[in-house]
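So the sequence lines, in the order shown, correspond to chains V and Z. Counting with our numbering, you get residues 1 to 256 for the letters of the first sequence. Counting with our numbering, you get residues 1 to 270 for the letters of the second sequence.
FYI, nobody ran anything at the bench for these hints, they're computed from the structure. From a predicted model like this one, the values you see are computed outputs, not experimental measurements. Glycine included, every Cβ here is placed at the ideal spot set by N, Cα and C. The reader is advised that the hints may include incorrect statements.
Unchecked claim - To give a feel for the contact side, a few chain V residues facing chain Z, derived at Cβ under 10 Å:
#  : residue
1  : P67
2  : F87
3  : S88
4  : R100
5  : L112
6  : V118
7  : D120
8  : P122
9  : D183
10 : K184
11 : M195
12 : G199
13 : V201
14 : F215
15 : Q216
Unchecked claim - Label-pair restraints from in silico Cβ distances:
#  : chain 1 : residue 1 : chain 2 : residue 2 : range
16 : V       : R100      : Z       : P94       : 28 to 36 Å
17 : V       : E64       : Z       : R256      : 20 to 28 Å
18 : Z       : P46       : V       : H66       : 30 to 38 Å
19 : Z       : F73       : V       : H66       : 55 to 63 Å
One letter stands for each residue in the lines below.
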Amino acid sequence: MEGQEVGEGKTKLIDESGKRLDGRKWDELRPISIQVGLMKNADGSAYIEWGKNKIMAAVYGPKEVHPKHQVLPDRALLRCRYHMAPFSVDERKNPAPSRREIEISKVIREALVPAVIVEDYPRTAIEVWVEVLQSDGGSRVAGITAASLALADAGINMRDLVVGCSCGIINNQVVADLDDTEDKEGSGDMPVAIMPNLGLVSLLQVDGIYSREQFQKAFELAIAKGKQVNALQRAALNTRFFGGEAKTTQVEEVAE
Amino acid sequence: MSMKKNYVVETIRKAQMVQLLASGKRVDGRSLDQHRELKIETGVIPKANGSARVFLGNTQVIAGVKIATGTPFPDTPDKGILMVNAEILPLSSPYAEAGPPSEDAIELARVVDRGIRESKMVDLGKLNLVSGKSVIAIFVDCNVMNVDGNLFDATSYAVVAALRTAKMKKYVIKDEKAEATNELIQVPVEKTPVSLTFARIGDKVVVDPGAEEEASMDMRITITTEDGGNVCASQKGEASTITPAQVLQAADTSIRVGKAIRAKIIEATK
């Protein structure tokens, strides 16, 4: 039993030739497009479409902290809310924040703070709002990817961008970037966020059963795919600040 | 829960800790991969279907299992329901507050629930009574009684011990209706998941952080393993980072140390 590869597969999510339901290979990302700076009122913003995910992230700040007792004397307070629109999923979602959203807001904040040089903005608040307009698998990592761009767009000092990718297990096989069906029917999901230039992991959540080998394979695949998405992030920032039409960027065009 | 009490004191303490850790020592004399004394008592609440009180150092958690029948979720019509919840009681620490659950309490409950659920500890298929209509619902509620660091592991061990010793009524099906009998049977437990939490302080990673270490830690990571030596859940916490090599090393440690803790939990819940 020790280290034995386990997992269950009720639905066939990957065929003999290694093709997934939507035609992707095991290590292939869904199409991703990113645009930076669409929102007029926000200090910074980014919009990402990742598979069927449609997510807008906006940043306000640095600004005065209210209520005052929350002020941090030596650094900025980063607030973060991940919220799903009631129409973002199949069954209407109650707009009140669920326990899941509260937890995800927390892990997104903790994934972003290490990249922000919060010491440069003492006694201020930086607010990051992540709104999921349509949800597919991997919305938290897509949200982080957009949020770090919105922070950069707001001109906030950062050590690195933050980029995420979720890997997991379907039919006892490690695959990259689970979509909604694979997330629900598969046997494991592992969202990972990294600071790609510093080689650090700032978000890691795991569920599902992984042998030690599968754990390492999924984890390292998530990091490699994150670096691929980071190329798209940089291209989107380039478009925003150095012109060129804000076109949809297909993964393949900038794949390493 | 990170409970910074005094910014200046914690910063000085952290500098001391980092210095100590460089020579392989911790503030309370433990080695880096050594957990605190683990004590498990079961059957502490006779009115519950199962219960356990766990001490991990001075952290104390009571878990109670209540079992009833319920309607299955529409997407799993032939599976029972298992829900784990946790509350950090206001009596557990001078920094805990009454009122709606804090972000920390929500994360605690969800991470513990995930470890139990994803390990497939309880065979939910065996809790089906009348498909689509009636299933057995198991609720495990945890009360954190005293906070002294690492609530994640203490709460998880309490849930596992309570479930392993829980008994439920046997049901018979008559005319598509579930009827309770007076016979008591064990909850269908298949696995014994073990959670192990690490804290990174400076560049060193330690197992089972105490309250003092938590106040100074940069990053926290919990990795849960099951009997087969497989990883079944994980969660990184706190606003800092971990290197990929540290993640893989923590997974190895969790599998190794988890084995010894699993044996201990099984022994205490025989």
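Here is what the structure says about each hint:
Given hint, P67(V) at the interface with chain Z, is violated; its Cβ is 15 Å from that chain's nearest Cβ, farther than 10 Å. Residue-level restraint check for F87(V) is violated (minimum Cβ-Cβ distance to chain Z is 20 Å; threshold 10 Å). Because the smallest distance between the Cβ of S88(V) and any Cβ of chain Z comes to about 18 Å, over 10 Å, the interface hint for this residue is violated. The restraint placing R100(V) at the interface with chain Z holds, with a minimum CB-CB distance near 8 Å, inside the 10 Å limit.
At a threshold of 10 Å, the smallest CB-CB gap from L112(V) to chain Z is about 8 Å, leaving the interface hint in force. Hint on V118(V) holds. Least Cβ distance to chain Z is approximately 9 Å, under the 10 Å limit. Using the Cβ-Cβ criterion of 10 Å, the hint placing D120(V) at the interface with chain Z is not satisfied: the shortest such distance is roughly 16 Å. Below 10 Å, beta-carbon pairs count as interface contacts, and P122(V) has none with chain Z, the closest being about 12 Å; its hint is therefore violated.
Proximity of D183(V) to chain Z is violated relative to the hint, the smallest CB-CB distance being about 13 Å (cut-off 10 Å). Annotation: K184(V) was flagged as interfacial toward chain Z, and the flag holds, the nearest CB pair being 8 Å apart, inside 10 Å. For the restraint placing M195(V) at the interface with chain Z, the shortest Cβ-Cβ distance is roughly 7 Å, inside the 10 Å limit, so the hint holds. This hint holds: G199(V) has a C-beta 7 Å from the nearest C-beta of chain Z, less than the 10 Å allowed.
For V201(V), the interface hint holds, since its Cβ comes within 10 Å of a Cβ in chain Z; the closest pair sits about 5 Å apart. At about 5 Å, the closest approach between the beta carbon of F215(V) and any beta carbon in chain Z falls short of 10 Å, and the interface hint on this residue holds. Taking 10 Å as the C-beta cut-off, the interface hint given for Q216(V) holds, the closest approach to chain Z being about 6 Å. R100(V) and P94(Z) have their C-beta atoms about 30 Å apart, which keeps the hinted 28 to 36 Å range intact.
At roughly 50 Å, the beta-carbon separation of E64(V) and R256(Z) lies outside the given 20 to 28 Å, and the hint is violated. Hint check: P46(Z) to H66(V), Cβ distance near 50 Å, so the stated range 30 to 38 Å is violated. For the pair F73(Z) and H66(V), the supplied restraint of 55 to 63 Å is violated, since their beta-carbon distance comes to about 40 Å.
The earlier numbered hints that this structure contradicts are 1, 2, 3, 7, 8, 9, 17, 18 and 19.
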